[in-house]
Amino acid sequence: SQKIEQNSEALNIQEGKTATLTCNYTNYSPAYLQWYRQDPGRGPVFLLLIRENEKEKRKERLKVTFDTTLKQSLFHITASQPADSATYLCALDKGSGNTGKLIFGQGTTLQVKP
Amino acid sequence: GAGVSQSPSNKVTEKGKDVELRCDPISGHTALYWYRQSLGQGLEFLIYFQGNSAPDKSGLPSDRFSAERTGGSVSTLTIQRTQQEDSAVYLCASSPQGATDTQYFGPGTRLTVL
Numbered sequence: 143s144q145k146i147e148q149n150s151e152a153l154n155i156q157e158g159k160t161a162t163l164t165c166n167y168t169n170y171s172p173a174y175l176q177w178y179r180q181d182p183g184r185g186p187v188f189l190l191l192i193r194e195n196e197k198e199k200r201k202e203r204l205k206v207t208f209d210t211t212l213k214q215s216l217f218h219i220t221a222s223q224p225a226d227s228a229t230y231l232c233a234l235d236k237g238s239g240n241t242g243k244l245i246f247g248q249g250t251t252l253q254v255k256p
Numbered sequence: 003g004a005g006v007s008q009s010p011s012n013k014v015t016e017k018g019k020d021v022e023l024r025c026d027p028i029s030g031h032t033a034l035y036w037y038r039q040s041l042g043q044g045l046e047f048l049i050y051f052q053g054n055s056a057p058d059k060s061g062l063p064s065d066r067f068s069a070e071r072t073g074g075s076v077s078t079l080t081i082q083r084t085q086q087e088d089s090a091v092y093l094c095a096s097s098p099q100g101a102t103d104t105q106y107f108g109p110g111t112r113l114t115v116l
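Going down the list, the sequences are from chains A and B.
Heads up, the final residue of the first sequence is numbered 256 in our numbering, and it's a clean run with no missing numbers.
Heads up, the final residue of the second sequence is numbered 116 in our numbering, and it's a clean run with no missing numbers.
FYI, nobody ran anything at the bench for these hints, they're computed from the structure.
Among these hints, one or two may not hold up.
[As the list claims (entries may be wrong)] Below, a list of computed lysine-lysine pairs in the DSS-like style, where the Cα atoms sit at most 27 angstroms apart: (1) K197(A) - K255(A); (2) K243(A) - K59(B); (3) K59(B) - K19(B); (4) K145(A) - K199(A); (5) K236(A) - K145(A); (6) K236(A) - K197(A); (7) K236(A) - K17(B); (8) K19(B) - K145(A); (9) K17(B) - K59(B); (10) K243(A) - K13(B); (11) K213(A) - K159(A); (12) K159(A) - K199(A).
[Stated by the list, open to error] Over the 10 angstroms line for every Cβ pair with chain B, so calculated as not near, a few chain A residues: (13) E151; (14) T162; (15) N166; (16) N169; (17) S171; (18) E194; (19) T207; (20) L212; (21) K213; (22) Q223; (23) A225; (24) A228.
Just so you know, even glycine gets a beta-carbon here, dropped at the ideal spot from N, CA and C.
Only chain A is shown next, with the shape it has when bound in the complex (with noise of 0.2 angstroms):
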C-alpha cells in the first residue's frame, strides 16, 4: 500500500544550527513533493515544492532535496530560530501527475530552543 512517513518524535535543536527533516514514501512515483509549516490551531502554510525532476530546492534557510531512487526527501532550516519552532509535514500527489489529491505525512515537530 502507499505510505508517506515522517519522523514522529519531537526535533529538539539549539537555536543557529540547522534543522534536518526527513520524509519517506513507498510504492509512488510522485509528480513532486511539498513541505507545509502547521502551527498549533493553524491550516498547513504551503513552503516548497520540489518536481521529480530536481534535485534540490532553495528559499531563504530552507533547503529540499529529492532524490526519487531512495525515495526520500530532506527538510533544511539553516540558522535556525525560536520562531521556526512547529510542525512540518510533507505531502504528495494521491494520483499519478498532478491530481491535486494530497496525501499528508503525519509530521515532524521542531523545537528550536534559544
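Please build the complex by placing chain B on the supplied structure of chain A, with the hints as guidance.
Showing chain B alone in chain A's frame:
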C-alpha cells in the same frame, strides 16, 4: 487579500446529530478541497471540487459524509448521524486555476462529537 475562511471554528455536537461545516475559498480559486486531521494523524483527503466538474468523492469515509459547492465558491461539508470517531479538525483548502499543486488552507473547524 482574504485567505480561506471556515466556520464555525469549533463545533461540539452529540452523537447522532447532523453537522454542517462551511468553507469560503479565496476569491477566484477554482479548486476546493476538504481534508480531515485526527489527533496524531496526517491530513486525510476527503473530497475535491474543480470548477464545474463532478467532484472527486473518493476520500469520503462513509455515505454519512457529503459536500456541496454552490456557484463555484462556498462549500459545505455535511456529516449525518455523527459518530465519536468523526471528531477531528476539518480543513478546507483552495487553489487557483491550473495550480492545483499549491493549496491554501483555512484555519479548520474542530469538531467534537460527544
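- Task: Could you grab the alpha-carbon distance between K17(B) and K59(B) and see if it respects the 27 angstroms cut-off?
- Result: holds (24 angstroms)
- Query: K236(A) and K17(B): Cα distance at most 27 angstroms?
  - Reply: violated (32 angstroms)
- Beyond 10 angstroms from each Cβ of chain B, as asserted for Q223(A): At about 23 angstroms from chain B, Q223(A) clears the 10 angstroms cut-off, so the statement holds.
- Query: Is it true that the CA of K213(A) sits at most 27 angstroms from the CA of K159(A)?
  - Reply: Holds - the C-alpha atoms of K159(A) and K213(A) are around 26 angstroms apart, at most 27 angstroms.
- Query: For N166(A), which was marked as not at the interface, is the minimum beta-carbon distance to chain B over 10 angstroms?
  - Reply: The assertion about N166(A) holds, with a minimum of 13 angstroms to chain B.
- Test the statement that L212(A) is away from the interface with chain B: the closest C-beta pair must be farther apart than 10 angstroms. holds (21 angstroms)
- Beyond 10 angstroms from every Cβ of chain B: is that where the Cβ of A228(A) lies? Check passes; 14 angstroms lies beyond 10 angstroms.
- Query: Has the given pair, K243(A) with K13(B), been kept, meaning a C-alpha gap of at most 27 angstroms?
  - Reply: Holds, at roughly 26 angstroms.
- Going straight from one Cα to the other, do K59(B) and K19(B) come out at no more than 27 angstroms? Holds: K59(B) and K19(B) sit about 22 angstroms apart, inside 27 angstroms.
- Query: Is the hinted pair K159(A) and K199(A) satisfied, with a Cα-Cα distance of at most 27 angstroms?
  - Reply: holds (20 angstroms)
- Beyond 10 angstroms from chain B, beta-carbon-wise, is N169(A)? Its Cβ never comes within 10 angstroms of chain B, the nearest being 16 angstroms, so this holds.
- Query: Within 27 angstroms, alpha carbon to alpha carbon, are K197(A) and K255(A)?
  - Reply: violated (30 angstroms)
In summary, the numbered hints that this structure violates are 1, 7, 8.
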